[in-house]
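Engineer: Here are the chains, one letter per residue:
There are 2 protein chains.
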Amino acid sequence: MVAPGSARPSSRTRSSVNLPNWLVLRLGLDGDEPVDPLGPAVDLHEHRVTLDLRRGVLSRVLRFTDGHGRRTAVRQRRFVHMASHHLAGLQTVVTAENWSGTLTVASGLDGDVTNSGVARYRELAGRHLSVVRIAEPDPETLLLVARTTQSEIEVAEAARTRVVDAPAVRSVTRETSRIAHELTMEIAERAPVTVEKIVAVVTSRDVALSHPGTAAAEEVACAPGFDALLETHELAWHQLWRRFRLDLTGGDSPAAAPTLRTLRLSIFHLLQTVSPHTLDLDAGIPARGMHGEAYRGHVFWDELFVFPLLTVRIPGLARALLHYRVRRLNAARRAAREAGHHGAMFPWQSGSDGREESQRLHLNPLSGRWLPDVSYLQRHIGLAVAYSVWQYYQATGDLEFLAEHGAEVLLEVARFFATLAHHDPAMDRFRIGGVMGPDEYSTRYPGAAEPGLDDNAYTNVMAVWTLRRAADVLSVLPPLRRTELVEQLGLTPAELLRWNDVTRRMYVPIAEDGVISQFHGYRDLAELDLDDYRRRYGDLQRLDRILEAEGRSVDDYQVSKQADVLMLFYLLSADELRVLLGGLGYPLPPDSIRRTIDYYLARTVHGSTLSALVHAWVLARAHREDALTHFERALSSDLADIQGGTTAEGVHLGAMAGCVDLLQRCFAGVETRENAVWFNPHWPSRFGALEFVVQYRGLSLDVRVSDREVRVVAAPGPGPAVRVGCGEDIRTLRPGEAVRFSAAVRRT
Amino acid sequence: MVAPGSARPSSRTRSSVNLPNWLVLRLGLDGDEPVDPLGPAVDLHEHRVTLDLRRGVLSRVLRFTDGHGRRTAVRQRRFVHMASHHLAGLQTVVTAENWSGTLTVASGLDGDVTNSGVARYRELAGRHLSVVRIAEPDPETLLLVARTTQSEIEVAEAARTRVVDAPAVRSVTRETSRIAHELTMEIAERAPVTVEKIVAVVTSRDVALSHPGTAAAEEVACAPGFDALLETHELAWHQLWRRFRLDLTGGDSPAAAPTLRTLRLSIFHLLQTVSPHTLDLDAGIPARGMHGEAYRGHVFWDELFVFPLLTVRIPGLARALLHYRVRRLNAARRAAREAGHHGAMFPWQSGSDGREESQRLHLNPLSGRWLPDVSYLQRHIGLAVAYSVWQYYQATGDLEFLAEHGAEVLLEVARFFATLAHHDPAMDRFRIGGVMGPDEYSTRYPGAAEPGLDDNAYTNVMAVWTLRRAADVLSVLPPLRRTELVEQLGLTPAELLRWNDVTRRMYVPIAEDGVISQFHGYRDLAELDLDDYRRRYGDLQRLDRILEAEGRSVDDYQVSKQADVLMLFYLLSADELRVLLGGLGYPLPPDSIRRTIDYYLARTVHGSTLSALVHAWVLARAHREDALTHFERALSSDLADIQGGTTAEGVHLGAMAGCVDLLQRCFAGVETRENAVWFNPHWPSRFGALEFVVQYRGLSLDVRVSDREVRVVAAPGPGPAVRVGCGEDIRTLRPGEAVRFSAAVRRT
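So the sequence lines, in the order shown, correspond to chains A and B. Going by this note's numbering, the first sequence opens with residue 2, and the numbers climb by one from there. Going by this note's numbering, the second sequence opens with residue 2, and the numbers climb by one from there.
Hints were generated in silico from the structure; no laboratory data involved. Idealized CB from N, CA, C, for every residue including glycine. Each hint should be verified, as a subset may be incorrect.
[What the hints assert, rightly or not] If you want the footprint, here are the derived chain A segments under chain B, 3+ residues with CB under 8 Å: (1) 69–81; (2) 475–485; (3) 501–512; (4) 567–580; (5) 623–635; (6) 710–720.
Bound conformation, chain A alone (with noise of 0.2 Å):
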């Protein structure tokens, strides 16, 4: 513990280091050495970091002497509030075990706070703050406002201390961007002193305000005690978990426990970064949550695997969430325009207002070469927001998002894809050159000049799917709203004519075998010998730059970081993926698509977190045991840090809401499609039965799912009928009635 007065602000903030520095709370001794309870000048009894998932609060007890002999316990319990956005709450008890005197406690606010979380970015500019602002609203309150050193977004923190069980004289400490309360009280022998801090945090960009610094002391000014907030706190949680409700019964596996807790460590972390909180926010969904600095903050295709979980639970935050995206369709017109295409080119990597923000060039730890970086050449990034957009209409039936906001960005979007598609006559066939998939180890061809692939089997397959899906959206606009949208857009009977020929005539590369190959050429490259390379490295997840040091190019092989061709059958039902190639005049042959799984399973070292999961979900429907495995592997990314460090940058949001799906979607077998909720389990006869809960178009469905039976239970009360299917069998729910479909397991 630091005696405040003695301690200068830099070991100050070294006191803290364990304890979040927004909150930065102090301890100290009266007349004594500053004393670091996790220093080595004390015995440290006990320390034990709690995080309770249910209840949303983390606790930490600390037990210790210090060089006097004195038994110090220290019991924290922290929470972010779930409910009133603004404020935080973190409640100190301190109890003297074995001695009496004079305790300080320091409580304040800094503004020196850096980013700093990612080594490898420490070098470059971690300051992102000035501080404008230090005051004192009242007795109890401190007030920090702050500004964002680029974007100018003002941050104001106030923070309000409280003694609750004993008389306390305060001082202040202020520095130029730090301010503190010091709160000296007696300690008597074993009787807990409990300090109270309740902080309100509020920028700028928040709604219903005045001014941010006002708002932030008025809020913490009205805010009730620890306790009542912990109470509200609470509640909200248990709501949220009453909609994520995840549960395994009655399976033989010792695995469930622990998949179970993983899976809702998944869950708690996504609510972390995407909640109720999120509603009038103009945020999208980072790749690294709010966990890390990892990517910046950065935006990338993470929502495909994530609204899918928010889509069926909480369907306005997935609508808020879309928001994002529609918010800058038109920065990502005029990035279409400025490359010389029409329609809406989102950026591979997007922030604040929707720029592409990849970077250009990134550095090989193992070579200590700067590389030119082309992953922006990744278009299909357009081609997550289309399906996301139709996705939420199918589970919602919200026409009016749709009509008013979702046509739009998906029309957008079909059109970029059929004006970057060229017509190849040699062929006969519309052809998308110079793009990237989704696996970043294929980058351009051997010895090319020029970044870029053509035909991206992923990429050609998906953007059909959109011009298909276009031409439901204006069929099913109303029609004002349909007259609106093509006045406004400025869409010709020519352009829609050439949608209709694209989603004919794309060229898919597909070999004689049945299997998709990832784009056209891929299957000409060199094979390497994988088995060789794991034998003298290892772990493979970074072969690119393994491949770079030894001064060759994984861009001349046949290997995938992630094989995204299976993307296809991750988005896609076989069904659906069987009438987009018939259409293009592909029939594609009986076991081709296992053929296509094998194939690329011999050839991915699945560098993403992403791939695992991926692999699992092809693999449920042939290869169930070995899906259990991939599974297991994506659930442990973070839990296990399988990439060797990167989780401390943040967590891999996408993996984490990913695996989740994996059980709801690809094991249970929910999809929403024609107007209808479907149940096609794969579903692991270890793991008992799964229950859970999904909000579909306005009615509230228990669901249970075993290997030998669906079970859904709509809520009683007030609600539409909805159509629940389960292979050729459909029914109509209504409010308060059951069905069941009895060991319907589809086979693919």
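With chain A's structure known, arrange chain B on it following the hints.
Structural biologist: Below, chain B without anything else, positioned relative to chain A:
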């Protein structure tokens, strides 16, 4: 015109007084003394300003001869873009009609603008911007970034100026808070020169941006030229007018054409204030629109008169505007709590953060005295919010909005009025004391020390209406959401039972003659000889000030600024009102409504622009000709500036929208209730037939109403079936179908 360089900033501002000062444009003739085209030194041949409502374009033509005998014509067109919501354009064409020489045009950005449009506010602080930065992002473009002084909102403007058809030499004038380009060019006789200024305005409250300054510069950099922008602007207006179509056909009244024009002007002004631009803003509906500074942009209850137009034309916009209230629910809860009540107490005047912004003093210019202002006691504002929430749900069927947002607002308003009501054992009735109704002439009982009145009939009845709707809301909510809300709000069975009690036992002051009293004891007040006052003072709109200057109080008399009892007939159909009062045990005598109308008609001085509107409404059923007189008075509110100068302080948006609504809801009898859209017209035959379009639950309906027939045609294409009613006749209407109701005029 002002020759640049020779003009001081102040004279420059003066010379542009007739041009909006955010687009300062100056013309200069090289080598001459400054010339003001509207000043005494020139011979002005023509000065014509034309507002094109259909296209949203303001044009100006100026032709003049200066002291040197040079005849010059200036033609300007300007627009604020209706689709690209950051952009505006100003095109100026100068023609030297009988000379040639050098022309200098100045085009700049002015950060010195002040709020000085309202004469009586001019001694108050009027400067609300401080300029942060001026810059030239590219040779054609200027940038000015300012920050509002209190709320610190950043406002960036970028202006790109181009001379289209002549080479020009460009120089820059920078001052502390202003920056301008001066473009000097040769002008030949009769060869027009065109100067285009494209401006982008972006604030830190806008979405999808990194920094307002960057965004504004980028917006103008990417903007096309004036003509191309005008084309998309005109399309946006074309589409708006299609939704807001209003035609009077086949009538024999010479008043029809000017009436229609004024109604369209009202719609135009409404759409200048709220439009699809507003969708992503955290904005409410300000009483004076964006047109003036009176009430300083505060949000009163005018939305009550605006929502009925928007909800059936652009439902998504109505939804967005309701969010202004949703987002301020917490502030309303806080206000209720501080006043010792539960639930939500919305403020009479609402601003940025939802606190009460009503002034506590106002000046009577007739007496020179500052008087206490207790208008904040108008608790009924929350009832208007609840009413609009429910109407939106009825018109759109948008259960998601109701469940996620609207229900909570409505329930909390209901709760507030249930706790505001106290049980009076002497009467065995619930009563609401200490409030004001909408009639601002009644603030306290004669001689009372404390302001506030008991049992304002409008408030008490609408409180009952809201409590009944609260029960309806709870019954239509999806069960899961209902459970969540009941938990969050802590609603108990005892509370719900009390709500029900209040809907059965609320006191409403109804006299034995069937006249509903404005409040308890109103009819015990003295009568005032209004004819006498009218003879002495003429206009009695500000009778309150006249009496105060005479040393009397308007509180002491049975006179009304607006008869707020009559608002009940405006908001509720006669049937609905009978049901409500019947449920309270007040059987309304058959001629009660007519007696009540006549009673207040004799005692109302129409000091509010809304008063004529409401009177027209209630008279439509009984006294058709009187109704039209009031309608024309309301319609002319701003056109004729009937309040003697207040129009310059901003239009009366509620009255403007209300006049259109009068045609729609009263004369044409459109109502959305009980899951049907109703047409029960009281149509004045002199106006022939009214044709308009409504959006009802996803279906676009073309409506034609005359005194003989109602015809409703549903647009063909996809869409739901809806229920359409007239009198007792309810039918189902599917897309592409038509229904007719003959001479089905409702009698009350």
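Engineer: Taking the earlier hints as the rules, which of them does this structure contradict?
Structural biologist: 1, 3, 4 and 5
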